[in-house]
Amino acid sequence: GSHFAVAVAALTDVLNVETLTTIPLHVHGTNITGALDAGERFVCALRTALRSLHHNFYETANNLPQRQIEYPFRDYILQNSERMSFEYKEQVDDKRVFRGSLKDGNSPLFIKFSRRYGEATHRRAQEVGLAPQLLSVEQIHGWYIVAMEDLSQSYETLHDVLYNGHDVDPARHSFCPTSRLQSTSCML
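When the letters of the sequence shown are read in order and numbered with our numbering, they come out as residues 24 to 211.
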């Protein structure tokens, strides 16, 4: 547009953005309204403030841990109130799902970001061997951050199980409630 705007943003509990000023760029030099002078004064004040920030906070900024900018902001999970750091490895299929590993023991992880998550359902599926071990479920800023073990190396599709000669244990793979369908076979 025809204005130069300067704003400051701070991410606290919520994102807070404040516009400091707008400087009109369509002012002619013969216009004596003071818009050009106000713009010049603001740019000088901004340069002074940025030098001061750089002088006072440069060391603090250099001592911060390096973040993986291309990945989400969270790089740790809480497991039994213990903070466990992890490192992102890759994003899966342009989704909010990432592969990573714990920094302590290099254990592979799956990290998922979702607006909703059925933790009880996942834990039940884990109990019967249909889901990986759930390590952490946290809700932050309206999003669930779910960390689970990564079973990609040992994963078998249903097609693999049915058509590649694997033995199927019907007791483990029953998906029918036995109380309703006792006479009907609906085993894999």
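Derived by calculation from the structure, the hints in this document are not laboratory data.
Don't take every hint at face value.
[Unchecked claim] Cut-off 27 Å, straight-line C-alpha distance, at most; resulting in silico cross-link-like pairs (DSS-like, lysine-lysine):
no. : residue 1 : residue 2
1   : K135      : K112
2   : K118      : K135
3   : K112      : K126
So, going through the hints one by one against the coordinates:
1. K135 to K112: holds (13 Å)
2. K118 to K135: The hint holds at about 9 Å.
3. K112 to K126: holds (12 Å)
The earlier numbered hints are all upheld by this structure, with none contradicted.
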